Amino acid sequence: MGQDARPNWDNPLQFILACVSYAVGLGNVWRFPYLCQMHGGGGFLIPYFIMLILEGIPLFYMELAIGQKMSLGSIGAWTAISPYLGGVGLASVVTSLYLCLYYNVINAWSFWYLFHSFQSVLPWSVCPMNSNRTGPIEECEIATPTQYFFYRETLNISPSIEEHGGVGTGQAMCLVLAWILTYLFIVRGVKSTRKVVYFTSIFPYVVLFIYLIRGITLHGAINGVKYMFTPNLEQLLNPTTWINAATQIFFSLGLGFGTLIAFASYNHYNNNFERQAIIVSLINCGTSIFASIVTFAIYGFKATVNYENCLERTRLLLLNTFDLAEDSMSIDQVFDWIEKLNATYPLQFAEIANQLEPCNLESELDTAVEGTGLAFIVYSEAIKNMPLPQLWSVLYFFMLLLLGMGSMLGNVTAIITPLRDFKLVSHLSDELLNGLVCVFCMLLGLGFTTTSGNYWFTMFNDYGANFSLLFIVLIEVIAVSYIYGIKRFEKDIEDMIGHRPNWYWKIMWAGVSPVVLITLFVVYIVNYIRGGTPTYQAWNKELGKSVATDYPVFGQVFIGLLMVSSVSCIPLTALYVFCRKRKRGNHPKRRAVSTVST
Numbered sequence: 001m002g003q004d005a006r007p008n009w010d011n012p013l014q015f016i017l018a019c020v021s022y023a024v025g026l027g028n029v030w031r032f033p034y035l036c037q038m039h040g041g042g043g044f045l046i047p048y049f050i051m052l053i054l055e056g057i058p059l060f061y062m063e064l065a066i067g068q069k070m071s072l073g074s075i076g077a078w079t080a081i082s083p084y085l086g087g088v089g090l091a092s093v094v095t096s097l098y099l100c101l102y103y104n105v106i107n108a109w110s111f112w113y114l115f116h117s118f119q120s121v122l123p124w125s126v127c128p129m130n131s132n133r134t135g136p137i138e139e140c141e142i143a144t145p146t147q148y149f150f151y152r153e154t155l156n157i158s159p160s161i162e163e164h165g166g167v168g169t170g171q172a173m174c175l176v177l178a179w180i181l182t183y184l185f186i187v188r189g190v191k192s193t194r195k196v197v198y199f200t201s202i203f204p205y206v207v208l209f210i211y212l213i214r215g216i217t218l219h220g221a222i223n224g225v226k227y228m229f230t231p232n233l234e235q236l237l238n239p240t241t242w243i244n245a246a247t248q249i250f251f252s253l254g255l256g257f258g259t260l261i262a263f264a265s266y267n268h269y270n271n272n273f274e275r276q277a278i279i280v281s282l283i284n285c286g287t288s289i290f291a292s293i294v295t296f297a298i299y300g301f302k303a304t305v306n307y308e309n310c311l312e313r314t315r316l317l318l319l320n321t322f323d324l325a326e327d328s329m330s331i332d333q334v335f336d337w338i339e340k341l342n343a344t345y346p347l348q349f350a351e352i353a354n355q356l357e358p359c360n361l362e363s364e365l366d367t368a369v370e371g372t373g374l375a376f377i378v379y380s381e382a383i384k385n386m387p388l389p390q391l392w393s394v395l396y397f398f399m400l401l402l403l404g405m406g407s408m409l410g411n412v413t414a415i416i417t418p419l420r421d422f423k424l425v426s427h428l429s430d431e432l433l434n435g436l437v438c439v440f441c442m443l444l445g446l447g448f449t450t451t452s453g454n455y456w457f458t459m460f461n462d463y464g465a466n467f468s469l470l471f472i473v474l475i476e477v478i479a480v481s482y483i484y485g486i487k488r489f490e491k492d493i494e495d496m497i498g499h500r501p502n503w504y505w506k507i508m509w510a511g512v513s514p515v516v517l518i519t520l521f522v523v524y525i526v527n528y529i530r531g532g533t534p535t536y537q538a539w540n541k542e543l544g545k546s547v548a549t550d551y552p553v554f555g556q557v558f559i560g561l562l563m564v565s566s567v568s569c570i571p572l573t574a575l576y577v578f579c580r581k582r583k584r585g586n587h588p589k590r591r592a593v594s595t596v597s598t
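The numbering of the sequence shown is full-length UniProt numbering, which starts it at 1 and goes up by one.
It should be emphasised that the hints constitute simulated quantities derived from the structure, not laboratory data. If you're wondering where the values come from, they're calculated on a predicted model, not measured in any experiment. Among these hints, one or two may not hold up.
What the hints assert, rightly or not - Simulated restraints on C-beta separations:
{"#": "1", "residue 1": "V187", "residue 2": "G135", "range": "47 to 57 Å"}
{"#": "2", "residue 1": "I142", "residue 2": "P7", "range": "52 to 62 Å"}
{"#": "3", "residue 1": "V515", "residue 2": "L443", "range": "41 to 51 Å"}
{"#": "4", "residue 1": "T344", "residue 2": "Y528", "range": "48 to 58 Å"}
{"#": "5", "residue 1": "L319", "residue 2": "F203", "range": "42 to 52 Å"}
{"#": "6", "residue 1": "V557", "residue 2": "N527", "range": "54 to 64 Å"}
{"#": "7", "residue 1": "S546", "residue 2": "L391", "range": "29 to 39 Å"}
{"#": "8", "residue 1": "I331", "residue 2": "V522", "range": "28 to 38 Å"}
{"#": "9", "residue 1": "V121", "residue 2": "V522", "range": "45 to 55 Å"}
{"#": "10", "residue 1": "L356", "residue 2": "E138", "range": "23 to 33 Å"}
Heads up, the beta-carbon is just placed ideally off N, CA and C, and yes, glycines get one too.
Build the full structure now, drawing on both the sequences and the hints.
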């Protein structure tokens, strides 16, 4: 397929919506609120916006410029810049492949919860009966109904990564459904995607806005919102705060996956990507803050309900122990009565002292929950306490599904676009090539639906992309600034949009952004080494909670392979081109470019 036949976005709005649909994803809903909670609430916004300026927007701009200039996917674009850099694009494809393998599992979970939301009683709101019908299942009572439903009913999780079981039929069917939907969204490549993005990018905001209205009217929601915006400026002295802010900007914008290059390759040559880079970056960050307000409102409701339930249990204990009248004490008076009864009946009070729970609203709000725990456990627990919980459950998990699907469009495009540029598959139709990619990823992804699959999911999520993306984008910015050359890059940009980038962009590309990336890369390696043996959270049914457990040797080896397999594409490709040049005595650039359609 030559460049003349390459499809384009119908208008700039489609491209912006595609980038928003890809960049605005599940990380905005669950990781950003977690980081705010962990790093000083509103104070976290200071390093967050600084890192947006220093690395986020400049690198986003750079990838859009490369894709639009070359009109090729990541492999072809970097090979056109220099044959020795073809491995940068290949590393991006491998990383996107790893992401595709496990990311659609989240969409499968969203389908699972969505289907179970159409029940008269939400199944995660009560414990099921045991086999003898004599009472609730003990494991559920020890844990909570929401945790039991996620770990046992949804995942049917094994006690450790070393204990394998069969594929979960329900989860496997939901995963197949998720991949069918993904295929339908990209069946004809960008021709299909440019129609779907209107829905996947806009409708989640409709649901978020509805949730905002509902969330801020919930009892105790204000406690969560205040908690979010109350800054703890001491966290600004914590280097980890800055590292996490930089990392969140980096990954939430989707840099290094090759998706932005692929999307931009379908732009018209003179499209003004500079304005679009700024718009999409600001929309992405604004969405993180918007989603956090919604999350903390609901989180405040959940924390307040748990706190008041704790006070109610304490009130009943005091009433029964000291034979007090039911109306003599409200939950607002519990602490006053504790002091009064302790002073009046010290011996009798000492007998129940160890039964009193430490009820503390601040402690409830301080309990940090990240990732799937926030999305599928904390939200589920809050939803079950709302009026009309089925309605809010359907809306929430449908929103999660759309956010996940929007990101999947970008992830799959990052794989398909570079493949499409190669003559080897140019004779295949879009429907066939895209179908083969989806089936391949789906079959491998079924491994995540086994009883130990969630542990492998966590491994891919923690180690499949972080290390490689930092290295990929570091090589990208160095290649553009010091191999391709800033002056040459400036001329390319001027040729496309009519003016050269100003001093801000050039300073970021040539100096500031590489320094930030090198710092992140070094800190990541140091923290990994200092962290000792990698651990994962294994479900303990006797304790009713997850327990930190060391990965076995085979797990540690696989982690190493995950981290190295993608980045090794960069030096190995360069070595291959060098050896081929030496062997054939030809200039590598001419031969490398001949492998892609230009």
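Verification of the hints:
Roughly 50 Å separates the CB atoms of V187 and G135, a value that falls within the hinted 47 to 57 Å. Separation of I142 from P7 is about 56 Å and conforms to the stated range, judged on CB atoms against 52 to 62 Å. Range check, V515 to L443: about 42 Å between beta-carbon atoms, so the 41 to 51 Å window is met. Between T344 and Y528 the CB atoms are about 57 Å apart, so this pair conforms to the stated range of 48 to 58 Å.
For the hinted restraint 42 to 52 Å between L319 and F203, the CB-CB distance of approximately 49 Å keeps it satisfied. Separated by about 20 Å at the C-beta atoms, V557 and N527 break the suggested range of 54 to 64 Å. A beta carbon spacing of about 30 Å between S546 and L391 agrees with the range 29 to 39 Å that was offered as a hint. A beta carbon spacing of about 51 Å between I331 and V522 contradicts the range 28 to 38 Å that was offered as a hint.
Between V121 and V522 the C-beta distance comes to about 52 Å, which sits within the given range of 45 to 55 Å. Hint check: L356 to E138, Cβ distance near 24 Å, so the stated range 23 to 33 Å holds.
Checked against the numbered hints above, the structure violates hints 6 and 8; every other hint is satisfied.
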